[in-house]
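Based on these hints, arrange chain B on the given structure of chain A.
Here the protein sequences come in this chain order: A and B. Sequential numbering from 0 applies to the first sequence in numbering that gives the first Met the number 0. Sequential numbering from 0 applies to the second sequence in numbering that gives the first Met the number 0.
Any given hint might turn out to be false.
List time: in silico BS3-like cross-link candidates among lysine-lysine, alpha-carbon distance up to 30 angstroms [claimed, not checked]:
hint : chain 1 : residue 1 : chain 2 : residue 2
1    : B       : Lys102    : A       : Lys272
2    : A       : Lys166    : B       : Lys221
3    : B       : Lys95     : A       : Lys166
4    : A       : Lys173    : B       : Lys165
5    : A       : Lys166    : B       : Lys93
6    : B       : Lys2      : A       : Lys166
7    : A       : Lys173    : B       : Lys172
8    : B       : Lys92     : B       : Lys165
9    : B       : Lys95     : A       : Lys241
10   : A       : Lys166    : B       : Lys103
11   : B       : Lys121    : A       : Lys268
Simulated DEER-style distance windows between Cβ atoms [to be verified]:
hint : chain 1 : residue 1 : chain 2 : residue 2 : range
12   : B       : Lys110    : A       : Gly254    : 41 to 47 angstroms
13   : A       : Ser111    : B       : Asn12     : 29 to 35 angstroms
14   : A       : Ala150    : B       : Ser156    : 34 to 40 angstroms
15   : A       : Gln61     : B       : Lys56     : 46 to 52 angstroms
16   : A       : Gln61     : B       : Asn18     : 38 to 44 angstroms
17   : B       : Arg175    : A       : Gln152    : 32 to 38 angstroms
18   : B       : Ser54     : A       : Leu253    : 53 to 59 angstroms
19   : A       : Ser111    : B       : Glu13     : 37 to 43 angstroms
20   : A       : Lys173    : B       : Ser217    : 40 to 46 angstroms
Chain A residues, not near chain B, derived (Cβ > 12 angstroms throughout) [said to hold, decoys possible]:
hint : residue
21   : Leu2
22   : Gln61
23   : Tyr76
24   : Ala102
25   : Ser111
26   : Ser125
27   : Thr128
28   : Ile149
29   : Ser210
30   : Val230
31   : Ile234
32   : Lys241
33   : Ile258
34   : Asn273
Worth flagging that the hints you see were computed from the coordinates, not collected in a lab. All residues carry an ideal CB built from backbone N, CA and C; glycine is no exception.
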Amino acid sequence: MFLASIVEIIQYMKEPILVGILLSISAAMLGVILVLKRYSMIGDGLSHVGFGAFAVALALNQEPLFVALPIVIVAAYVLLRMGESKKLKGDAAIALISSSALAIGYLVGNLSNGFSADIASYMFGSITTATTQDLYYILPITALLIILFIAFQNRIFAVTFDENFAKAMGIRTKLYNIGLSIVTAVIVVLGIRIMGTLLISSLIIFPALTSMRLFRRFKWTMWISMLISVVCFLIAFFCFTKYSSAASIVLVNLGFYIIATIVSIIKRKRKIKN
Amino acid sequence: MIKTENLTIGYDNEIILKNVNINIKEGEFVCLIGDNGSGKSTLLKTMIGLNKPLSGKIIIDGKASIGYVPQTLQVQPDFPATVNEIVMSGCLKKMKWRPFYTKKERELASKYMKMLQISQFKHRSFSELSGGQQQRVLIARALCATSKVLFLDEPFSALDRYATLKLYGVLHKINRDDNVTVVIISHDVETTLRHATRVVHINETIVFDGTKDEYMQSAFMKDYKGGAE
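Next up, chain A with everything else stripped away, as it sits in the complex:
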């Protein structure tokens, strides 16, 4: 019975499933770097900026993606740089920017045509409405990210672990940071439609945290976080069909995180005993 229903879901939901898997992979990959650079909150802040931009685009009758993407890329770069600055309080700045963007988005929505269903869908997302077009966006991006990661994994590790040392070695860390901002912006903007403004950041952060509980090697942490992310998505998608997909994904991720935490505590206790 269960198997039959799975086959049925797969038949009718090819695009949502593929989009979900690909988004899970790229979000997890990005998440490891953001978490390790202590930039977790930036993903959250950017999602609100993305929401504001989407709302403005809808009000102006423009293609949402083309309006949101450049705005969020700029915001991502500004926020990443702020995180490094000693003068500005990075966390306060993020809170400021994200709540302002959310407020702008909401007000613009109100002014133009009331709080439309479109805007509401950007709040909580909806995976079942993912289209072939979403797939056309996310597929090349995920493929590119995986290729970039394989090609630059050692460099990515070096810059993430110790940016100053990498810089002294002559690695162009600025380029890396710009790349990171662009990737973060792209994933957040694409993710908002699927996961919603409020939940996209957890798709980015959770798999990384879970994987970090279990692994000590950077490379493994990276690959396993992608795997965890996909597994969580599939469980949420197939087992909680009746509920909000984004919320189920977050909760399944939370479950995995709790399990991983318990495993890591048991492992540590055993080690101490030996």
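Relative to the frame of chain A, chain B by itself:
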């Protein structure tokens, strides 16, 4: 090997040191001395390219590549990074556009891990190690990046006396046996001077630049000793 010409350093509009002319030669063990805020750390960071000079030039001998050892590395406790991964990352500059390390680079990393006696921690997580072990890892990483010159910015300030003395021994050996130039900032002047061949003393400007023996005879040393008594 590394030369500065009329170098002015600082941040934005704030000038910290003006007209710095230092010429570091191969094989020297250079000790940068100065009070807190005297600009020695900024000078070192500018020399290795972490800070932009306000004016003037830094000329690095073509073949010299730079190895840098920071004070301590604030790494979050669950950062997934094994000792091996960190030491290997020192080889990155040699890779050009290759995505993976070669056998030669792996052997280089293992050579330095052996030399710094951290081979047994190879697969341990960096954050599990003691402060002294962590600094050894960072020195091994820096050596992978260079066989010419090491820059160290108060590398042992967080370590206990015993660990510090042992690591000075390691630096001394690297300097003497492998002819690696060492440029070090340390507030532990006495210990550093035991190993240094040259001293640069900074106090608003470079007030002394010469051999260790000259420095020991100078007024600064009398001041220092006078203050200690």
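Kindly indicate which numbered hints from before are broken by the structure, ordering the numbers from low to high. Result: hints 1, 2, 4, 7, 9, 13, 16, 19, 28, 29 break, sorted rising.
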